[in-house]
Every structure is written in C-alpha cells, then in structure tokens.
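If you want the building blocks of each chain, they are given just below.
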Amino acid sequence: MNDTSKIIKTISAIMFPFVTIYGLYVIMHGHLTPGGGFQGGAIVASGCALLVVAFGSEAIAKKVKESDLSILESVGALGFISLAFIGIATTFFYNVLAGRSGSLFGKIPPFGSNPGYLNSGGLLPLMNFAVGTKVIAGLFAIVLILAIATRKKGGRT
Amino acid sequence: MIYNIPYIAVMLLILVGLYAVIAKRNIIKIIMGISIIESGVNLFLVALGYREGGLAPIFTNLPEKTQIPGQLVLPVPQALTLTSIVIGVAVLALMLALAVQIYKHYKTLDVRSVRRLKE
Amino acid sequence: MSFDVISHSPALLIAIPLFGAFFTPVISRLHAKVRDGFVIVVIALTEILAIFLAQDIYTNGIRKYVFGASLPSLTRPDTISIPVRIIFEVDGMSIFMVLISLTIALVAAIYSTSFFKKEDGLDRYYTLLLLLTVGMLGMELTGDLFNFFVFLEITSISSTALIAFWIDRGESLEAALKYIIISSLGALFVLMAIGFLYGQYDALNIAALANSIQFTFIDKIALVLLLAALAMKAGIAPMHMWLPDAYGEAPPSVTIAIVAATQASLYAVLRICFTLYGSVIGMSTIGWLLIGLGLLTIFVGVTMALIQKSLTRTIAYAAVGEIGYMIIGVGTALAASTETFASVALKGGIFHIFNDVLDIGLLFLVAGAVIYATNERSLENLGGLARRMKYTTIFFLIGLLAVAGMPPMNGFASKILIYESTYQLNPIISIIAILSSILLLAIFVKIFYSLFLGPELPNLKDVKEVPTGMLIAMSILAIVIIIIGLFPGYFMQNLVEPAATALSNPSNYINAILGGA
Amino acid sequence: MNPFTPITTGSGFWNPLIWIIAFITALLLVYAIRLFGNKQYKKGSSQTKPFLSGNVAENNEQLHVKGVNVYWGFTEAFKGYYDKMKRIHTGDTRDYVLWFLIVMIGLFFIVLGVL
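Protein sequence lines, in the order shown, are assigned to chains A, B, C and D. Here the numbering used here = 1-based position in the first sequence + 71. Here the numbering used here = 1-based position in the second sequence + 99. Here the numbering used here = 1-based position in the third sequence + 23. Here the numbering used here = 1-based position in the fourth sequence + 1.
A few of these clues could be false.
Claimed, not checked - Estimated spans, in silico, between C-beta atoms of each pair: (1) D/K43 - C/K487: 49 to 55 Å; (2) D/L113 - A/S174: 34 to 40 Å; (3) B/G152 - C/Q516: 57 to 63 Å; (4) D/A23 - A/A160: 54 to 60 Å; (5) D/V115 - C/K487: 57 to 63 Å.
These aren't lab readings, by the way, just hints derived from the structure by calculation. Just so you know, even glycine gets a beta-carbon here, dropped at the ideal spot from N, CA and C.
Same shape as in the complex, but just chain A (with noise of 0.2 Å):
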C-alpha cells in the first residue's frame, strides 16, 4: 500500500504544522507584504500534499472526504462575493470597512514608511481570508484526486 520510510512520515508530519502557520502568516499579511489570499493558500496546500506523499493518498482520503472539501471551496467563494456585495449600497466590491477608525480594521495607516499595521484595509483582510479558504480547499482537494486518480493497483501513491 504504502511504503515511504518512517523519517519521511515523521518529517512530514512535524513540518506540517510550520508550513500550515508560515501559509496563514502570508494570507494574513496579505495586504501589507506581498502575497494574500492566493499565496499562502497555495503554501498550505502545498503542505497537504506534503502529507498526501508521505502517508498515501488513500489514508489521507479515508482522513478527509473530497465532497466536504467542495463544499469547504464553495463556502470561501460564497464569503468573497458576500463581501463584495456589502458596498453594494455605493458600489460593488466598495470598501466599507476602510478608513472608519474603531471599525474591524479599519485604521488609517499612516502615509509613508511604517512598520505595519495588521489592523487596516478595511474588507481586504477578510477578502483574503475567503480565497485563502476557496484556495486552499480547491488545491488540496486537486492533489487529493489526481492522487487517487493516479494510483496503480496495488502500487503506493
């Protein structure tokens, strides 16, 4: 079924973890540093793959159903267009959150060089988060089937 050696699988699974933070880091981040929504959901679905060739598809498939993680990406896309229809009241995609000082990041970054302030930008944070989400779900489960999809009878992964 599944032959990787026991270092790879405890590697694996001891990176897990770091490279999942360092995926959520850059989605959180995402309107301050470059990267976003998009960038770090590809560094944490990158670390489930990690997961998928260390232990084998088919455990990984017995862990998590494909249909939940459609479901997981429908939501995320649901939570951008959500987002994006707040402002319909001005205009489509209009920013509401932004610039309103005590709203949910809604600090006025200083103009010019500054350290960085996490709690700004108004819907992008939350934008991010939605495709971090629809991303993530979408890769993992992309790796997932064409794993599956793959497989020799009998071989590993």
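Take the given structure of chain A and dock chains B, C and D to it, following the hints.
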C-alpha cells in the same frame, strides 16, 4: 542592451514552448510546453513593469528618505502576472486531470493515437 | 442613500449568476428539484435585469459601472488622468450580446433539468453552467482588456469541464483536451497583446486605449495577436477544427451554451476592429482579410458538413459555416467603411449573430432529443423517428428552414441583408454565400430524410417522445425563431440598430469614459 | 411602433407578410391546378405501388437509403477535394496549433506589410 535581455528570454521561452507543443508527441510534454509559454508571457509582463530606481510600494519595508509616491512603481503589471499565474494553475490542473482520464480510456498518451475525432 | 437597481445592474448581472454558481453545491444538498429550480430562477432573474438595463440603455445611452468607487459613474478620480479601476461599459452592442447569452443560458438550464436523469455530479454541472454564463457576460460587459482576458479564461475553463461531462466517453475527453490546449494557447497570446498595449499606453481600459492609439509597429503586432487568437476562439477556418470536436462531443445542453460563448469571442473581434482600432485608418485591409477568411469558413464548413457520419458533428460543421456569414457581413462593413451599404452589411452581420445562435441552438437541442430517445448519434443507425417523436420532428423542420435561410424564417431576414450588401461590394462574395446556403439546405434535408422519414427501423421500435422540459426548451427557441422571422423589422429597429450604431461610433464609447466624471 | 415594418436592404425591402400572402396565393393556385388532374387515378390499386425496376418490394428497412449515402454521387464527383480536406482534418492536436500559428504568421505578413 542589458535591458533587452528579459525580452530575449521571453522570445526564447515562447519559442521553446511552441516547439514542445508542435513537435512533441506525449500529451504531458505538450502540457509542459503550454506551461513554458505561460512563464514566458508572465516574464514579459513582469519585465514591462520594471522601472530603473523604482521601489515596490510596500510601506513596511521602505528605506529611509524614500520619495513617496515619486519613487514607487504602480504595481499593475505585477498584479496582472499574479492573476495570470492563478489562472495558469487552474488550466494546468484541468489539463493534467484530462490527461489522466485520457490515459485510462486510450491506454496511451501519444497524441497521434488520441484522435478518434477527425475529418 | 437610495438604492437604484438599474445603475447597479451591470455589476449585478455578473454578481447574481456568480453567487448562484457557488450557492448551487450548498443548495443541492436539499433536493435535486430545488437545485434545478434555483438555477432557472437565478438565470431568469438575471435576464429580467438585463431587459430592464437594455431599455435604460436604449433611452439614456451608455451605462458605465466603476467597481469599488464611491460612485458607479466615477470613472476618473480627480488626480489621475487615466481610469485605473475596473470599469464595465455597456452600450447597445454589449447589451445585445448579453440578451443573446442569457436567453441561451436560460434555455440550456431548462433543457438540462430533464435531459439528465441517470448522470450524477449534476450539482457541479450547474455550477459550471452558471460560471460559463458569468464568463460570457463578463466578456461582453467589460470595458477593460485585462478583465476581458480573465473572463475569457473563465469561459474556456468552465466550457472544457462541461465538454468532458460524459467522462466515460473517451471522445468527450479528447475533445475537451484539444479545446483547452488550443484555447489556453490563444488566451496567452491575447495576454501578450494586452502587455504590448499596456507597455505603450499605460492603460488597460478599452476606451482610454482607443483614445490614444497611434497604430505604431507594436500596435500592429498587438492587433495581429488579438485578431488571430479571438478568430480562433470564434471558430474561423482554418482554425475551426476544435469546434466540431467540442460541439459534437459535449452534451447538447452544453453545446448551445458554448455556441453562445463562441459568439462572445466574435463580439470581441468586433469590439477590437470597431472600437479599439476604430479610429485608425486603413482598417479596410482588415475588412478584406475578414471577408476572405469568412468565405473560406463558409465553404469549408458547409462542404465538410456533407460528409459527416455523426448527427452532432454535421450540425457543428454547419455552425462553422454560419459563422462565416457573420464574418463576411462584418468584413464588408469594414472594407466599405464610407459606402452606404456598409451599415446594411454591419446590421446583417450583427442580426445574424442572434439568428445563428437560435437556429444552431435549436438544431443541437433536437439532436440532444434524438440522442436522449435513441442513445444513438450515428446517421447510419437512425431512421423513421417521425412516427414516434412528432414534436421533435416539427422543431427540427423549423430549425432546418431557419438555418438554411429559407423565407419566412429569421435566417432569411439577416442573410438577405448580407447578400445584398456584399453583392454591391463584389458579386462573387454573395454568389458563393448563396450557393453555400443552398448546399446547407441540401445537407439538412438529407439529415431530415435519414433521421425522421423512411420506414421504422427494428432497433428503434420502443422510442418515446422526450420529456416535457426538453420540449419546453425547444419550443421557446422555435417560437422566438418564428416571431423574429415574421416581424424582422421590429427586431431590427429595437435591437440590431442600436447595436450597429454603437459599433460604428467609437467616439461615443470613448467619451463615455474619458469625457468628464 | 409598427411591428410589421419591413427591412430595407439598400436596394429593396423584405416583408414576410407579403411573402406569406404570395405563398398562400401560390398554394391555392397549385391546388386549383391539381383539381384538373387525371381522373383515372385510383387509390389502392397497383398504380400506387412503388416501382422498383420490376422487383417486388419486400423488406422496407433495407430499402431506406441511409443518411450517409444520400449524397453519394456528389461526394464521389468531388472526390479530389474531399480527399484533400480529409487529409487536412487529421484530428491531431498539434496540427490545430500549427494552423493557428500559420494564420497568425500570415496575418503578420499582411498587416505589417500592407498597412
């Protein structure tokens, strides 16, 4: 001259990719060719966005005494490239999934055999 | 703050189907019937919105919508001289194409509800169908070149997945792979052309580009890249070969949606020739080029349709031929830009887009009904179906007469405009076009004879008429065909003429964005 | 607005209603001519049987000309053209790409050379 090197690389990448698409028989290699063309186009967009002495508009890490916004570049080509990469990932995944399924039905990845539809 | 639906409707036209697309997997957990109804309601709602927007545009002129700005019509902030945000710009031509796409999407959704009974994975099917609709609408509504590229790719990705819907047929997968390879290649060249234009003029907005275009060497390269890639996506010979594969192997409900998507690519060709490069002199060469390609397309499509053995592939080749008629109409308008018959040719070409989608769509739906009832698509094994499927036979007859351009169907109304205007440019063009039309009639008479007439075949004894949902979908198209055929002048004045005027006056399009906030 | 507006084509016009009236008139005319037809024609007699070179028609299914063979003569007459077209339509993905590139290069020559 030195600023033209990226564009020469773009030309070369696109030609290599087109060669792979036209001359190779394996479907996977054709898909790789399209990926190479896509990298060429992305490199073209990024090279377009280069301005000498320009800085990326990331406020958290600017050097002291930067003129704002005079020294910063408008990151539109970079945004275009990112969007194009995202689309490229989706297209690549779709093509590879189709290749897997085609192998199941035709028992081959040779593009000369995958032509039941002709005339 | 009052909420004005019409002023927001360009965005809502995209947002509602997109929301519906991602809500479909969630709602299909309830029941399959609920999901089907939901999809139809979403598309119908969008269509109603589009009709209201159309009325507004015909009375008040071009509508623009700036995403994320503090006002929908704020195209330029005070300090910046070029439009930087994504802008949707809707004029007569755009809304004309939007109405076509939405009508076809609605028919496809109604048809799908009863066409698929045994298959699973239908919640994804409906998601992709709605995404395909979003892609088409985006291509037609957007006023931004890069945004156009994004919607082009959305259209090709979703239609690829839909072509491969019958995943247990190797041919479907093959057609889908060919389609995605050729269309992603074309889209990459479109992106390259966008890069050229952006590098020259620092703008992505079509109006801003059209305002400052100089027609330098690089602009010519960009024009060639855009024209070649979009003509390929529109299925112009000799780059038509993906089209019969894709049309022939996709489920017929998908095929009609892809027919509409092909017309969206054709719309992009028009937009580039008339608006983006509209102020450039010397476009008559492009016009003659289009006429040549169009004649080749007509000839290849119609003659190749004659020797096909599969029902869907024959109709697909006929669709290739029909595309040629629009191209020669548009090419004549470009080649004879100052003559009086140029506007007649343009009107004929634009009118034929609508008629072609309806006619070819109806024929594909009938082909789908035959496949549904007999599970057979080869012309060799079919015959005598008129005894069992009388409504389907009538619909096929209507579609046949319309697609061959027989009076009094709608196809004749647009084809006569093309014939008469091309005759004034060069008689040979219209002679080839008329002869090909006659050959097209011969082909469909052949299909009609072999499919519906003749004795009952032993393997088709237990064929039944198709379910009501499919009949409703076909009858919608048939009724629209007959109404347009009987009152062509009415549709001409109210739908086609605003579209033709919008195309032939690029300065209106430019001024709407650049002339004041 | 009058829904019966004809389309003007520059050198003429097209009004389907006039066409329908003409069509119905022609139908009536044909029917009138038909009434003057041969009175000796009888239904059910051997006059109405299909004539097949003196053979007796037995198996209806085999007599049906299949759709593939309807225009056999036409395709046979243009055999040279159709053989060439069949050779061009290879169904090979790479040839599709090649045609795309050929058209693009041709457009390059025309547009850069002429304009």
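Hints, verified against the model:
no.	hint	result
1	D/K43 - C/K487: 49 to 55 Å	violated (38 Å)
2	D/L113 - A/S174: 34 to 40 Å	violated (56 Å)
3	B/G152 - C/Q516: 57 to 63 Å	holds (59 Å)
4	D/A23 - A/A160: 54 to 60 Å	holds (58 Å)
5	D/V115 - C/K487: 57 to 63 Å	holds (59 Å)
Hint check: violations occur at hints 1 and 2; the rest are consistent with the structure.
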